[in-house]
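**Student:** Residues per chain, in single letters:
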Amino acid sequence: MPKNILSVENLNGGYEVFVGRRRVFVHAVDDVTFSLHNNEVLGVAGESGCGKSTLAKMIYGAIIPPLLVKGGSISITTKGGEVLNINKLSIDEVRRKIWWIEISYIPQNSMNVLNPLKRIKDQFIDVFRYHGIKMDKTETVEHLRDTLTTLGLPPEVINAYPHQLSGGMRQRVVIALSLVFNPRIILADEPTTAVDVVTQRTILSLLKEWRENNKSSLVLISHDMSVHAYMDDRIAIMYAGNVVELGSSLDIFKEPLHPYTRALIESLIRKGDKSIRKGLAGQPPDLINPPPGCRFHPRCPYVMNICRSEEPVTTFLDNDRYVRCWLYTSSR
Amino acid sequence: MENENMLKIESVTKLYGYGILGLKKFKALDSVSMNVNLERPKIAVLAGETGSGKTTLLRIIMGIVKPEIGRVLYRGYDIHKLKGSTARWYRKEVQPIFQDPYEAFNPLRRVDSYFYDTVTNICGIKDKDEIMYRIDESLRFVGLSLDRVSGKYPHEFSGGELQRISIARALLTTPRILLADEPVSMLDATLRVGILNILKDLKEKLNMIIIYVTHDLSTAYYVGDDISVMYRGTLVEHGPISKVYQEPRHPYTSALLNSVLEPDPSLRDKYPAVKPSSLELKEFLIAGCRYANRCPYAKEICWTTLPPYIDVDGVNVRCWKHLDYKL
Numbered sequence: 001m002p003k004n005i006l007s008v009e010n011l012n013g014g015y016e017v018f019v020g021r022r023r024v025f026v027h028a029v030d031d032v033t034f035s036l037h038n039n040e041v042l043g044v045a046g047e048s049g050c051g052k053s054t055l056a057k058m059i060y061g062a063i064i065p066p067l068l069v070k071g072g073s074i075s076i077t078t079k080g081g082e083v084l085n086i087n088k089l090s091i092d093e094v095r096r097k098i099w100w101i102e103i104s105y106i107p108q109n110s111m112n113v114l115n116p117l118k119r120i121k122d123q124f125i126d127v128f129r130y131h132g133i134k135m136d137k138t139e140t141v142e143h144l145r146d147t148l149t150t151l152g153l154p155p156e157v158i159n160a161y162p163h164q165l166s167g168g169m170r171q172r173v174v175i176a177l178s179l180v181f182n183p184r185i186i187l188a189d190e191p192t193t194a195v196d197v198v199t200q201r202t203i204l205s206l207l208k209e210w211r212e213n214n215k216s217s218l219v220l221i222s223h224d225m226s227v228h229a230y231m232d233d234r235i236a237i238m239y240a241g242n243v244v245e246l247g248s249s250l251d252i253f254k255e256p257l258h259p260y261t262r263a264l265i266e267s268l269i270r271k272g273d274k275s276i277r278k279g280l281a282g283q284p285p286d287l288i289n290p291p292p293g294c295r296f297h298p299r300c301p302y303v304m305n306i307c308r309s310e311e312p313v314t315t316f317l318d319n320d321r322y323v324r325c326w327l328y329t330s331s332r
Numbered sequence: 333m334e335n336e337n338m339l340k341i342e343s344v345t346k347l348y349g350y351g352i353l354g355l356k357k358f359k360a361l362d363s364v365s366m367n368v369n370l371e372r373p374k375i376a377v378l379a380g381e382t383g384s385g386k387t388t389l390l391r392i393i394m395g396i397v398k399p400e401i402g403r404v405l406y407r408g409y410d411i412h413k414l415k416g417s418t419a420r421w422y423r424k425e426v427q428p429i430f431q432d433p434y435e436a437f438n439p440l441r442r443v444d445s446y447f448y449d450t451v452t453n454i455c456g457i458k459d460k461d462e463i464m465y466r467i468d469e470s471l472r473f474v475g476l477s478l479d480r481v482s483g484k485y486p487h488e489f490s491g492g493e494l495q496r497i498s499i500a501r502a503l504l505t506t507p508r509i510l511l512a513d514e515p516v517s518m519l520d521a522t523l524r525v526g527i528l529n530i531l532k533d534l535k536e537k538l539n540m541i542i543i544y545v546t547h548d549l550s551t552a553y554y555v556g557d558d559i560s561v562m563y564r565g566t567l568v569e570h571g572p573i574s575k576v577y578q579e580p581r582h583p584y585t586s587a588l589l590n591s592v593l594e595p596d597p598s599l600r601d602k603y604p605a606v607k608p609s610s611l612e613l614k615e616f617l618i619a620g621c622r623y624a625n626r627c628p629y630a631k632e633i634c635w636t637t638l639p640p641y642i643d644v645d646g647v648n649v650r651c652w653k654h655l656d657y658k659l
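Chains as they are written, first to last, in this note's numbering: chain A, 1 to 332; chain B, 333 to 659.
Since the hints were derived computationally from the structure, they do not count as laboratory data. Take these hints with a grain of salt, some might be off.
Far from chain B, some chain A residues (derived; all Cβ distances over 12 Å) [to be verified]: (1) Asp31; (2) Glu82; (3) Asp92; (4) Lys121; (5) Ile125; (6) Asp136; (7) Lys137; (8) Gly168; (9) Val180; (10) Asn214; (11) Leu250; (12) Leu264; (13) Asn305; (14) Tyr328.
Straight-line distance between alpha carbons at most 27 Å, and here's what the computed DSS-like set of lysine-lysine pairs gives [as the list claims (entries may be wrong)]: (15) Lys208(A) with Lys602(B); (16) Lys278(A) with Lys424(B); (17) Lys653(B) with Lys271(A); (18) Lys121(A) with Lys614(B); (19) Lys271(A) with Lys575(B); (20) Lys374(B) with Lys278(A); (21) Lys614(B) with Lys254(A); (22) Lys278(A) with Lys537(B); (23) Lys274(A) with Lys374(B); (24) Lys274(A) with Lys535(B); (25) Lys537(B) with Lys271(A); (26) Lys602(B) with Lys215(A); (27) Lys118(A) with Lys356(B); (28) Lys537(B) with Lys274(A); (29) Lys535(B) with Lys271(A); (30) Lys278(A) with Lys215(A); (31) Lys118(A) with Lys614(B); (32) Lys532(B) with Lys278(A); (33) Lys602(B) with Lys271(A); (34) Lys614(B) with Lys575(B); (35) Lys575(B) with Lys278(A); (36) Lys356(B) with Lys274(A); (37) Lys271(A) with Lys374(B); (38) Lys602(B) with Lys340(B); (39) Lys602(B) with Lys274(A); (40) Lys274(A) with Lys532(B).
Backbone N, C-alpha and C fix where the C-beta goes; we use that ideal spot for every residue, glycine too.
Bound conformation, chain A alone:
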């Protein structure tokens, strides 16, 4: 049985926003349960607006209003063997103890997160200083050179300003920045959406190689199923705030169970394939007012009466595979 380093139980949460004077709650993450094993890649897939990024923010502990956690727990086993409950810690504690050291976050659009007025090396020095690591300048520069060359960047990058680098290079710098303290968990939120195919391959291979060498775990959030196929050991499919299916990537791609996963896999276009594909009809639901019962039922081709009124329960097929759909509860 693989060891878990992060487990998320019945996590519930979302955003509290005002529409006019009315206070509404956007239920972006609803009853999510999963665990992250040691040394694995867990993918989180789903359409935009299904709560993938919100889930990442919650795991990272960046719970700043309007984001609220309503229930559930996120526990992490630290490098020292301590078990911490991220959602019980204050934001300052999370900053000191968790960020960069235990969990690193590669944000969406990561090419635009660098400070435009600072040279690349100064951005790194800031991070070292924040975590109270004292290094003299030459030592830091030496260390930086090593880190950057492992990511395939020329050494002159450390003296450059962000605008002098191309998008792909900036992205690699941000990745290097997030890996400096050898975190055990990396949360990558759409690390490659804004770049083209060749850069995408480069960045993904670098991440993959780094992870395999350091035996860290990666939570990869993306809507691009080919990225998941390339990287993941296991995939969690999210739809409208629920994890509707979770399983090993081979199983998910070969034998998708949930009707949404099936539609998703069928809609994928493969290279050198001209056969007509059908997309999924209908629109993703409004999370302020989600449909009753199963949130997928208005678009589901296999909809039954029970789906319209009651939320489906989670059915475990084996230890590491579950699906949340009424189709699979009756037969077992």
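Could you slot chain B onto chain A? The hints should help.
**Tutor:** Okay, now just chain B, sitting in the frame of chain A:
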């Protein structure tokens, strides 16, 4: 006249400045030529990485960027010299759709107002019933209707719906050519197919010509009839899409095809290694083949002289390899 039903792009070169004052110039597009027969409906794919000049070329065709050398002829007219009513006519004939549908619409303006503006200003229709009829007709073609759209703001639609709306808006003028700049790269997989199927419908039912710009070679093959591959401002390969995919003639095309990730986990270990792209500007300044820096077959002549177009079995390629490295 043979120019009558052609869109001709004649060795177009566009210079952009770089350096502190932008006084030094590099060629963002280097003598790109292309011919599109307006009588034959097709989807022409323009593929390449970021910074390959594909969007610049599209903007030149749209008429909003003027090339330094070369010209674009549409039915015999130089589109960069059009004035008055002929300029308006060209606006009707060629319509664009853009990458990010959320940025294409003003968030404070109702979506349907764009439709009324287009119909009255560009098409010049004044009769109220006919305006409504035209708008509803084009929205129905993309699977929406005027009732669903009227009075709403962009944030009330999903990305897929907004992209449909921008296609419908482009259709109002009954254009001959639709310029689609990465229309699906911001959309989710399940919605992506819907938009691509609309593009196919446009070609088959309305006999339109679509220039589809993308870096995603799997969607390109799904919709495309022929493909032009661009690299750092030069057109490196052009031909029927099935031929190019089966046997890429240019080393860059095969590198690009190899880096496409497939949605199949069992293929994971079979991808060949890629060489990351280095500094862009340096490659733009190479006098010869721009790909020489990354090309495994590069020889001396590749660095100094740009290869001419060679016809290899129905596919146009620009590579010295097929000429045995000599003229």
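**Student:** Does each hint fit the structure? Answer for all of them.
**Tutor:** Now for the hints, and whether the structure bears them out:
no.	hint	in the structure
1	Asp31	holds (23 Å)
2	Glu82	holds (35 Å)
3	Asp92	holds (35 Å)
4	Lys121	holds (19 Å)
5	Ile125	holds (25 Å)
6	Asp136	holds (30 Å)
7	Lys137	holds (26 Å)
8	Gly168	violated (7 Å)
9	Val180	holds (21 Å)
10	Asn214	holds (20 Å)
11	Leu250	violated (5 Å)
12	Leu264	violated (6 Å)
13	Asn305	holds (25 Å)
14	Tyr328	holds (21 Å)
15	Lys208(A) with Lys602(B)	holds (15 Å)
16	Lys278(A) with Lys424(B)	violated (31 Å)
17	Lys653(B) with Lys271(A)	holds (26 Å)
18	Lys121(A) with Lys614(B)	holds (24 Å)
19	Lys271(A) with Lys575(B)	holds (14 Å)
20	Lys374(B) with Lys278(A)	holds (21 Å)
21	Lys614(B) with Lys254(A)	violated (44 Å)
22	Lys278(A) with Lys537(B)	holds (18 Å)
23	Lys274(A) with Lys374(B)	holds (15 Å)
24	Lys274(A) with Lys535(B)	holds (15 Å)
25	Lys537(B) with Lys271(A)	holds (25 Å)
26	Lys602(B) with Lys215(A)	holds (22 Å)
27	Lys118(A) with Lys356(B)	holds (26 Å)
28	Lys537(B) with Lys274(A)	holds (18 Å)
29	Lys535(B) with Lys271(A)	holds (21 Å)
30	Lys278(A) with Lys215(A)	violated (40 Å)
31	Lys118(A) with Lys614(B)	holds (24 Å)
32	Lys532(B) with Lys278(A)	holds (13 Å)
33	Lys602(B) with Lys271(A)	holds (15 Å)
34	Lys614(B) with Lys575(B)	violated (32 Å)
35	Lys575(B) with Lys278(A)	holds (26 Å)
36	Lys356(B) with Lys274(A)	violated (45 Å)
37	Lys271(A) with Lys374(B)	holds (19 Å)
38	Lys602(B) with Lys340(B)	violated (41 Å)
39	Lys602(B) with Lys274(A)	holds (23 Å)
40	Lys274(A) with Lys532(B)	holds (11 Å)
In summary, the structure is inconsistent with hints 8, 11, 12, 16, 21, 30, 34, 36, 38 from the numbered list given earlier, while agreeing with the others.
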